[in-house]
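**Student:** For the record, the sequence lines run as chains W and A. Take 0 as the starting number for the first sequence in numbering that gives the first Met the number 0 and just add one per residue. Take 0 as the starting number for the second sequence in numbering that gives the first Met the number 0 and just add one per residue.
Note that these hints are calculated values from the structure, not bench results. Take the hints with a grain of salt, since some may be wrong.
As the list claims (entries may be wrong) - Cut-off 30 Å, straight-line C-alpha distance, at most; resulting in silico cross-link-like pairs (DSS-like, lysine-lysine):
id	chain 1	residue 1	chain 2	residue 2
1	A	Lys353	A	Lys188
2	A	Lys188	W	Lys15
3	A	Lys267	W	Lys258
4	A	Lys112	A	Lys76
5	A	Lys267	W	Lys7
6	A	Lys1	A	Lys322
7	W	Lys258	A	Lys9
8	A	Lys9	A	Lys348
9	A	Lys353	W	Lys15
10	A	Lys188	W	Lys258
11	W	Lys15	A	Lys267
What the hints assert, rightly or not - Heads up, incomplete: computed chain W residues facing chain A, CB under 7 Å, no partners named:
id	residue
12	Val45
13	Arg66
14	Asn92
15	Gln260
16	Glu262
17	Ile273
18	Met288
19	Ile327
To be verified - Sample of chain W residues facing chain A (criterion: CB under 8 Å; computed from the structure):
id	residue
20	Asp20
21	Phe33
22	Pro154
23	Ile165
24	Ile169
25	Arg177
26	Ser183
27	Ala257
28	Ile265
29	Val282
30	Cys313
31	Arg314
Quantities reported herein were computed from a predicted structural model and do not represent experimental measurements. Don't be surprised by glycine CBs; every beta carbon is placed ideally from N, CA and C.
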Amino acid sequence: MKTWNAIKAVSIQEVKYIIRDPVSCLVLFLMPFFLLFGFILSPNLVCSHIAVLNGNHDPRIEELFNRIDAQPNIVIVEHLNSEDQITEAFTRNNIKAVIAACDEGTNIFIDYSDPRVASNVESRIIGVVRSLDKTQDILNIRYVYNPTLQPEAMPVPLLIEIILLIISSIMLSMCVSREKEQGSARLLALTPISSAQLVLGKVLPYAVLSLCHILFIFLLFHYAFGIEIQGSAALFLLLCMLFSLDSMAHGLLFATWAKHQLEVVILCWLVFFIPNVFLCGYVSSIAEMPGALRVLSSIMPGTAFMNAYLGIVCRGTGFAENILWFAIIIAQIILISLLSLSGFTHRYSKSL
Amino acid sequence: MKRFCAIFHKEFLQLLRSPILMAVLAICPAIIVCVIPFALGNDPKIKADIVDLDNSTTSRLLTERLQSSYMFSKVVKVPNYEFALQDLERTKINAVIVFPEGLEGSIADQNPKQIFVGVDATNTIKAQADAFHISGVLASGNIQKDSVSVQQMFNQEGNGRMYNLIALISLMLTIVGMSLMTLNIVAEKEHHIVEHVLLTGVSPASLIAAKLLFFDLIAIMELIIGLLLGHLIFGLEIAGSVIELIFGCAILLYPLLSMALFISAISKTQMQAIYMMIFLLVVIVLLSTMFSPLENMADNTTIVCKINPLFWLIEAMRNVILKGFSIWIMRTEMAASIIFGTILSFFSKLAIKKIS
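Just chain W, with the same shape it has in the complex (with noise of 0.2 Å):
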């Protein structure tokens, strides 16, 4: 019972911080909403832009760039009249690729700085091309678990867990290292609170707001883009709060070690954030890095999360498939805590 009116009054205190900042509240439960960006963020080709130069005004080409301008995700932009021009065209009107057609043949200049969306335009022009030799179209292809490609379908993971990361763990660590810089954690270190006590105080609210961000995550989820998860709802809401006690952990993590609110934020966004979600196998596949990383990255939370997620929402996988990932999760939010929690008295009394 004493136990349980410690971890209590902790978690008072941790409300009226949050509720008497109305600026912060209002941020703090604005957050979800950045899953719309998943309306934005679309995998598909939306309009490129593309220059071109037919040198001997050749009738057949000229037919040629009308059908690759009448192309939906493709629009001719410019017509250039010179091979001299090439190079610079790419300057202007964020030029992708120029379509020159002279005396040695047709050559296709493709900017491939950015290889997604290069090998992207490459295909679609390559087809219309090849739409011209009339060969006829014998493959049939079926795009399994998404069939009608759903452009959301593919940012919405990434969107939940940025959230998820950077709310989660920026949210716990700044209020433990805020005590620490201004001097109130020697205060309650004073009182007989324990330090298991006082940080099961200080999540308990924090768990609380992050459940209502993952209910309102699933309510957009559901009522905005329309997606349908495959397997259970009830696991796809225990691996986001699972996924969000992680985030947690690690904040709390950097919170012992730093000792000024700076560094923790830093730290959260740069040791955490980047890494997670440059791993995670949505910027670049997770089987084709080279294998020390893909060690490294298999443990990351955001990779376990990703994976769960696909088996869960777009595969329809239950638990037992999923186990891995479940399993990676929890033993990192003990371990972590654990981590984190000795010494943690020693430390949080002992900042500046």
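Using the hints, position chain A against chain W.
**Tutor:** Here is chain A on its own, set in the frame of chain W:
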């Protein structure tokens, strides 16, 4: 001028006397630039199961063609479709190709049966690329490839690593510069140091100018460290001029730092400032074309993207480092940066003036 230098000197000493912060500033580029790019830009290879119901010369020829293509890392024949689907579910493979019974005969009859290709589309971009490559290999016998030649400009190998490395470096600059700027000022506000400084006769304008210049220099320093590490480890070559790049980045960082300045001027506590900064940073990072290129956005959203200072910074770095253009082609953005930064600094000056 003397007061301006004094503030500058104070910031410098403050940074030197905080060993943890120095360590964080040194370690972050090391982690971000030295480790993560190894994971990026490796060509995704396709793993496919083949269900050959025809078992004829044509289908075997097509299988061999798939196996010998460099785009495929694993091509295995499996007995039936159910088996392949199970593999797909366990994410062992990402594509299934089924050659129907009587394929060879139907091609000879000029009425070919369809080859079924199933692609795992949980990752939409990869699925489309996979489908393109599979159809390219299967259809390659039918078209005259020589009629068109494709030239990959600015990036002969078609490797995405440098592109992502540059995005990472600019993300690092932004986060370090903006968090340092905001939290430095708000922490001084919280501890009433700003009041004391203003009482000594330093004007709010010179206080702001000194801090902006100092953190701009810190961010430029991080840029130079990032580029050097990138050069040493990944052989990142700057195609354009280095001086122009640094000059351009210094100017394009100005609006980002002024946004941080503005946040610090209007917020009371560090907590408020940090929450507002997360909000701002997530918005500008998501709209910076780091995760979704400009080509993939609808017309009305590209406008939002084009008024994003982080997008200007990344675009300038791509133009100078990868494509070797002069920074001069970013002149509109640089002019906009100066105007945008000046307006925000002016409002922050008003807010800071109120303190005294």
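**Student:** Holds or violated: Lys9 (chain A) and Lys348 (chain A), Cα atoms, limit 30 Å.
**Tutor:** holds, 20 Å
**Student:** When the nearest CB of chain A is found for Val282 (chain W), is that gap smaller than 8 Å?
**Tutor:** holds, 6 Å
**Student:** Mind checking the alpha carbons of Lys267 (chain A) and Lys258 (chain W) for me, to see if they're no more than 30 Å apart?
**Tutor:** Within the cut-off at roughly 20 Å; holds.
**Student:** Go through the hint on Arg314 (chain W) and say holds or violated, using the shortest Cβ distance to chain A against 8 Å.
**Tutor:** holds, 6 Å
**Student:** Does Lys7 (chain W) sit within 30 Å of Lys267 (chain A), going by the straight-line distance between their CA atoms?
**Tutor:** Holds. Lys267 (chain A) to Lys7 (chain W) sits at ~28 Å (cutoff 30 Å).
**Student:** Is the interface hint for Ala257 (chain W) satisfied, with its Cβ closer than 8 Å to some Cβ of chain A?
**Tutor:** Check passed: Cβ of Ala257 (chain W) comes within 7 Å of chain A, closer than 8 Å.
**Student:** Less than 8 Å between beta-carbons is the criterion; does Pro154 (chain W) satisfy it with respect to chain A?
**Tutor:** It holds, given that the least Cβ distance between Pro154 (chain W) and chain A is near 7 Å, below 8 Å.
**Student:** Are Lys353 (chain A) and Lys15 (chain W) close enough, with their CA atoms no more than 30 Å apart?
**Tutor:** Distance of about 28 Å is within 30 Å: holds.
**Student:** Tell me if the interface restraint on Ser183 (chain W) is satisfied: Cβ within less than 8 Å of some Cβ in chain A.
**Tutor:** Not OK, violated: Ser183 (chain W) not within 8 Å of chain A, min 13 Å.
**Student:** Is the shortest C-beta separation between Ile265 (chain W) and chain A less than 8 Å?
**Tutor:** At about 5 Å, which falls below the 8 Å cut-off, the nearest Cβ of chain A leaves the hint on Ile265 (chain W) intact, so it holds.
**Student:** Taking the least C-beta to C-beta distance, is Phe33 (chain W) closer than 8 Å to chain A?
**Tutor:** It holds, given that the least Cβ distance between Phe33 (chain W) and chain A is near 6 Å, below 8 Å.
**Student:** Holds or violated: Ile327 (chain W) as interface residue toward chain A, Cβ cutoff 7 Å?
**Tutor:** Nearest chain A Cβ about 16 Å off; hint violated.
The structure does not agree with the numbered hints 6, 13, 14, 19, 26 stated previously, though it agrees with the rest.
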